[in-house]
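Enquirer: Starting from the known structure of chain A, fit chain B onto it as the hints suggest.
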Amino acid sequence: MFEWLLSFLLVAGSLATIATFAVIVLLSFADQVPDYLTKEVEVQIGTKSLPALASLPVTEVGTLQAQLTLPLDRVNIYLTHHVVTLLGLIIAVATAFQLRQFVQTLRQDHPFRMANARRLRNVAWLMLFGGIWKISGGIIQISELSRVFPDLDLEFSVRGDPLPVVFILILFVVAEVFAMGVKMKEEADLTV
Amino acid sequence: MPIRIHLDRILTERGMTQKELAERIGITPANLNIFTTGKARAVRFSTLEAICRELDCQPGDLLKND
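Top line first, the protein sequences correspond to chains A and B.
So for the first sequence, our numbering puts the first residue at 117; every next one is plus one.
So for the second sequence, our numbering puts the first residue at 2; every next one is plus one.
Honestly, the hints are just simulated from the structure, not real lab data.
There may be inaccurate statements among the hints.
Far from chain B, some chain A residues (derived; all Cβ distances over 10 Å) [as the list claims (entries may be wrong)]:
hint, residue
1, Ala135
2, Glu158
3, Thr185
4, Val200
5, Gly204
6, Gln217
7, His226
8, Phe228
9, Gly246
10, Ile255
11, Arg263
12, Pro280
30 Å max Cα-Cα, derived DSSO-like pairs, lysine-lysine [claimed, not checked]:
hint, chain 1, residue 1, chain 2, residue 2
13, B, Lys40, B, Lys20
14, B, Lys20, B, Lys65
15, B, Lys65, A, Lys299
16, B, Lys20, A, Lys299
17, A, Lys301, B, Lys65
18, B, Lys65, B, Lys40
19, A, Lys301, B, Lys20
20, B, Lys40, A, Lys301
21, A, Lys250, A, Lys155
22, A, Lys299, B, Lys40
Since this is a predicted model, take the numbers as computed values, not measurements.
C-beta atoms are modelled at their ideal positions from N, C-alpha and C, and glycine is treated no differently.
Just chain A, same shape as in the assembly (with noise of 0.2 Å):
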């Protein structure tokens, strides 16, 4: 059953991953970006965008939520997002397979192999750099989105989180204690 899923999610990551890279390519030789690939981006405006509040004395009111629809002419900025998303699937992609491989060995003889090893160690990692890039690109778009709209004040906001940086460590823990389990059960194996 966790097999079929997994296989569905590597399938259905893989058609994304085509459909964003053959959007990228289109909209790499377009000067306006069509009309059904409008985005809306919903991003977070500080205080200092509203001119009204700019003349008091307040020092933090909170931030506003504003949805923005990007102007089509603007072909970078789709681009961008586009980029971003798809090095977002291509991890994730990545990290499907390599699930999907080791959920495999668990039908055939037994799962205690080095190449399980190194696919919980892959899968580990895969989640390091998925964390990063999701920061990384959040930065990049709103840096973008600067540009495009300089009279706003946007804010980019990295939520304090603590599980996902844990449950990372956690893989990294877990890749290492099977490492050594694979070892352990091989000098089993050939103890006579």
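Expert: Structure of chain B alone, referenced to chain A:
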């Protein structure tokens, strides 16, 4: 590996096959083959004792340090 296993020679002298010896001492032929071919990382004393009992030999007859 500097330690050589001379099990095949002793089996020939006793007129026994590896399969027969494996059955007598309660391990699989594949496991015994790991020992015979020198691929084993470790040997249990219980296994060595069983082999010596069945072949009526000493551990030193089986294992030689080259």
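Enquirer: Each of the hints needs a verdict: does it hold here or not?
Expert: Right, here's what the structure says about each hint:
no.: 1; hint: Ala135; verdict: holds (51 Å)
no.: 2; hint: Glu158; verdict: holds (59 Å)
no.: 3; hint: Thr185; verdict: holds (67 Å)
no.: 4; hint: Val200; verdict: holds (50 Å)
no.: 5; hint: Gly204; verdict: holds (45 Å)
no.: 6; hint: Gln217; verdict: holds (27 Å)
no.: 7; hint: His226; verdict: holds (15 Å)
no.: 8; hint: Phe228; verdict: holds (16 Å)
no.: 9; hint: Gly246; verdict: holds (39 Å)
no.: 10; hint: Ile255; verdict: holds (51 Å)
no.: 11; hint: Arg263; verdict: holds (63 Å)
no.: 12; hint: Pro280; verdict: holds (40 Å)
no.: 13; hint: Lys40/B x Lys20/B; verdict: holds (18 Å)
no.: 14; hint: Lys20/B x Lys65/B; verdict: holds (23 Å)
no.: 15; hint: Lys65/B x Lys299/A; verdict: holds (27 Å)
no.: 16; hint: Lys20/B x Lys299/A; verdict: holds (28 Å)
no.: 17; hint: Lys301/A x Lys65/B; verdict: holds (27 Å)
no.: 18; hint: Lys65/B x Lys40/B; verdict: holds (15 Å)
no.: 19; hint: Lys301/A x Lys20/B; verdict: holds (25 Å)
no.: 20; hint: Lys40/B x Lys301/A; verdict: holds (15 Å)
no.: 21; hint: Lys250/A x Lys155/A; verdict: holds (19 Å)
no.: 22; hint: Lys299/A x Lys40/B; verdict: holds (15 Å)
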